[in-house]
Amino acid sequence: MADVAHSLKIKYGLLNSPSEEKIKLWVEKTESYISSGVSAEEAGGKAAQEIFPDYQKIKYAAQADTILALLGQAKNR
Amino acid sequence: MNKEQMMRAIVLISTFILGFLVSRFTMTKKERKDYLSRLQENSNKLSADLNKKFQDFTSALNKYIQKSDEPNLDDFFDIATKGEGYFSQCKIICDSILSGNIDKTSIKNTHVPIIKDVVQKTLPEFYKTLQEIAQKRNIEYKGTLKKDNYKSICEVYDKYVRQA
Numbered sequence: 001m002a003d004v005a006h007s008l009k010i011k012y013g014l015l016n017s018p019s020e021e022k023i024k025l026w027v028e029k030t031e032s033y034i035s036s037g038v039s040a041e042e043a044g045g046k047a048a049q050e051i052f053p054d055y056q057k058i059k060y061a062a063q064a065d066t067i068l069a070l071l072g073q074a075k076n077r
Numbered sequence: 001m002n003k004e005q006m007m008r009a010i011v012l013i014s015t016f017i018l019g020f021l022v023s024r025f026t027m028t029k030k031e032r033k034d035y036l037s038r039l040q041e042n043s044n045k046l047s048a049d050l051n052k053k054f055q056d057f058t059s060a061l062n063k064y065i066q067k068s069d070e071p072n073l074d075d076f077f078d079i080a081t082k083g084e085g086y087f088s089q090c091k092i093i094c095d096s097i098l099s100g101n102i103d104k105t106s107i108k109n110t111h112v113p114i115i116k117d118v119v120q121k122t123l124p125e126f127y128k129t130l131q132e133i134a135q136k137r138n139i140e141y142k143g144t145l146k147k148d149n150y151k152s153i154c155e156v157y158d159k160y161v162r163q164a
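If you read the protein sequences in the order shown, they are chains A and B. This note's numbering numbers the first residue of the first sequence as 1 and each following residue consecutively. This note's numbering numbers the first residue of the second sequence as 1 and each following residue consecutively.
To be clear, the hints were calculated from the coordinates, so they are not data collected in a lab. Values in this document were obtained by computation on a predicted structure and should not be read as measured data. Idealized CB from N, CA, C, for every residue including glycine. Incorrect hints may appear among the rest.
Said to hold, decoys possible - DEER-style ranges, computed between Cβ atoms:
{"hint": "1", "chain 1": "B", "residue 1": "N138", "chain 2": "A", "residue 2": "D54", "range": "31 to 41 Å"}
{"hint": "2", "chain 1": "B", "residue 1": "Q163", "chain 2": "A", "residue 2": "S39", "range": "39 to 49 Å"}
{"hint": "3", "chain 1": "B", "residue 1": "L98", "chain 2": "A", "residue 2": "S36", "range": "43 to 53 Å"}
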């Protein structure tokens with residue numbers, strides 16, 4: 001579950017990892033957009049914008065910053 | 001969230017990545033009109049592949065960090081393997097740069113900044129972290145950063161960062 005939350009966080013530039021409840025909602029909304037004929041990529045984006053209040057609040061552009069932060073946390077585990 | 005719902009979420013996320021890659025391929029076929037567009041297409045595809053490897057790598061790290069019980073050998077080697085995958089993709093990009101298969105604008109604006117960070121920050125820190133974790137958890141791990149394993153990355157760094 002942490003994996004999915006993390007992927008969504010990076011992909012949609014969220015400040016925090018989304019809750020299970022929010023992820024569930026996102027899946028349902030995305031699937032409903034897809035079934036109405038919207039492409040998967042667009043459907044996911046639209047659903048994310050509606051469900052996650054911190055959508056695109058942060059840009060994880062610098063891969064190095066994310067990697068270094070995670071390496072630091074892994075070291076301290 | 002139950003197992004089935006989680007699978008659905010994973011399938012959706014994989015579809016994006018695959019969908020993006022597939023669209024790059026079809027675009028390449030359609031748009032192979034001139035040399036420059038081919039180089040740009042190649043650059044875009046390499047970036048997409050790197051993003052995928054980046055996601056895999058950060059997911060493995062995140063899994064290790066968030067694990068509720070003690071991380072085991074598998075978790076450690078998952079980080080090692082996925083990290084190697086990310087840096088291998090950087091090598092592929094550098095090979096492509098050195099053999100003239102990426103347009104100049106993309107080299108300068110997209111790839112070189114990442115390679116600069118890899119050489120100066122992430123690659124040394126990656127090996128340092130693995131060694132520290134291995135020592136802490138009594139894991140036999142002999143990996144060290146050897147320049148020979150990252151020849152093309154070093155060449156690109158020398159050419160575009162050091163001499164720039």
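How the hints compare with the structure:
no.: 1; hint: B:N138 / A:D54: 31 to 41 Å; verdict: holds (40 Å)
no.: 2; hint: B:Q163 / A:S39: 39 to 49 Å; verdict: holds (43 Å)
no.: 3; hint: B:L98 / A:S36: 43 to 53 Å; verdict: holds (46 Å)
Checked against the numbered hints given earlier, this structure breaks none of them.
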